[in-house]
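Undergrad: Fit chain B to the given chain A structure using the hints.
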Amino acid sequence: MGCLEAMKPEIILSQTTFKEAREYIKKNIREYHEVEPGYKIHDVHIIGVPPLYVGIEGEDLIFPYTKPCHGTFVVKVAGDEEIARLRAKKK
Amino acid sequence: MTENEKTALILLGCPQVPVQTSMALYLVHGLKEHGIRPVIAGTVAARKLMEVADPDRYYVSEMTDLDAAIDEITGKERDFDLCFVFIHNDSGIAYAGTMAYISKARLYALLFGEHAQDLAGEIEFPCEVVAAKAVHNPMPLKRRLDEVMQWAVSKR
Numbered sequence: 001m002g003c004l005e006a007m008k009p010e011i012i013l014s015q016t017t018f019k020e021a022r023e024y025i026k027k028n029i030r031e032y033h034e035v036e037p038g039y040k041i042h043d044v045h046i047i048g049v050p051p052l053y054v055g056i057e058g059e060d061l062i063f064p065y066t067k068p069c070h071g072t073f074v075v076k077v078a079g080d081e082e083i084a085r086l087r088a089k090k091k
Numbered sequence: 001m002t003e004n005e006k007t008a009l010i011l012l013g014c015p016q017v018p019v020q021t022s023m024a025l026y027l028v029h030g031l032k033e034h035g036i037r038p039v040i041a042g043t044v045a046a047r048k049l050m051e052v053a054d055p056d057r058y059y060v061s062e063m064t065d066l067d068a069a070i071d072e073i074t075g076k077e078r079d080f081d082l083c084f085v086f087i088h089n090d091s092g093i094a095y096a097g098t099m100a101y102i103s104k105a106r107l108y109a110l111l112f113g114e115h116a117q118d119l120a121g122e123i124e125f126p127c128e129v130v131a132a133k134a135v136h137n138p139m140p141l142k143r144r145l146d147e148v149m150q151w152a153v154s155k156r
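Residue numbers (our numbering), protein chains in the order written: chain A, 1 to 91; chain B, 1 to 156.
So that you can see chain A by itself, here it is in the shape it has in the complex (with noise of 0.2 Å):
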């Protein structure tokens, strides 16, 4: 399941649905980027319907994380490189 334990995630929200991991980074990250189902971040990809939403917070990410027996966890993660990458994206 990617590496994201490798990354040491900070967990916002757990075992939610991509609904509401959805509308908490919408309500709550400032500066958020929409991202297509698929979009990998660092070795992980985001899953579920559109619209996706990534958040970007200083230099960390805030992204919602699919597991297939858990549900959906918004988690945070350094950003590193991923930050100008999602910047970029075209609008």
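Be aware that a few hints might be false.
[Stated by the list, open to error] Restricting the straight-line Cα-Cα distance to at most 25 Å, the calculated cross-link-like pairs of lysine-lysine (DSS-like) are:
id: 1; chain 1: B; residue 1: K142; chain 2: B; residue 2: K48
id: 2; chain 1: A; residue 1: K40; chain 2: B; residue 2: K76
id: 3; chain 1: B; residue 1: K104; chain 2: B; residue 2: K32
id: 4; chain 1: A; residue 1: K40; chain 2: B; residue 2: K104
id: 5; chain 1: A; residue 1: K19; chain 2: B; residue 2: K133
id: 6; chain 1: B; residue 1: K104; chain 2: A; residue 2: K67
id: 7; chain 1: B; residue 1: K76; chain 2: A; residue 2: K89
id: 8; chain 1: A; residue 1: K67; chain 2: B; residue 2: K6
id: 9; chain 1: A; residue 1: K67; chain 2: B; residue 2: K48
id: 10; chain 1: A; residue 1: K67; chain 2: A; residue 2: K19
I should point out that these hints are in silico values taken from the structure, not numbers from a laboratory.
TA: Showing chain B alone in chain A's frame:
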């Protein structure tokens, strides 16, 4: 694999509802009967259940990890003619929605478990919905799938 051979991706979620493995094997059998090559993508546990149920690989041929399958499709390395997603929870809907977006395959959402009809109401993307309240007994879902399989094969 021949050049013109039709292929189907079968996406398996968490195997906590008993009918999933049985129905997946049944679907693989039906696809093979119609000359369609099935590829199974699923969690480790879902794949192990398939492997143990079919030790001689009579039904199951290629199996892959969920992320690897999504990687290949988003990377335009591979796609399928048909895609069947087994769904019994919100994550299943999320995976089916992803497949609807990234793949050109004709998509079938197979919903089962206690809340199959409620989950079916959550689907807002183009696909064929096959839903039945089936937890331990696969027959309600089998009957619905049999109806659709005739249709799936004639449309391919």
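Undergrad: Does each hint fit the structure? Answer for all of them.
TA: So, going through the hints one by one against the coordinates:
About 22 Å separates the Cα atoms of B:K142 and B:K48, which keeps this hinted pair within 25 Å; it holds. A threshold of 25 Å between alpha carbons decides the hint, and for A:K40 with B:K76 the separation of about 14 Å falls inside it, so the pair holds. Taking the CA atoms of B:K104 and B:K32, the gap is near 21 Å; set against the 25 Å cutoff, the hint holds. Our distance criterion of 25 Å between C-alpha atoms is met by A:K40 and B:K104, whose separation comes to about 19 Å.
In summary, the hint linking A:K19 to B:K133 is supported, as the alpha carbons are separated by about 23 Å, within the 25 Å threshold. At roughly 24 Å between alpha-carbon atoms, B:K104 and A:K67 fall within 25 Å of each other, so this suggested pair holds. For the given pair, B:K76 sits about 19 Å from A:K89 by alpha-carbon distance, which is consistent with the 25 Å threshold. Of the supplied pair hints, the one linking A:K67 and B:K6 is violated, its CA atoms being roughly 29 Å apart against a limit of 25 Å.
Restraint check: the Cα-Cα separation between A:K67 and B:K48 comes to about 18 Å, which is no more than 25 Å; the hinted pair holds. Of the pairs offered as hints, the one joining A:K67 and A:K19 holds, with about 14 Å between alpha carbons and a cut-off of 25 Å not exceeded.
Figure legend: structure checked against the earlier numbered hints; the only hint not met is number 8.
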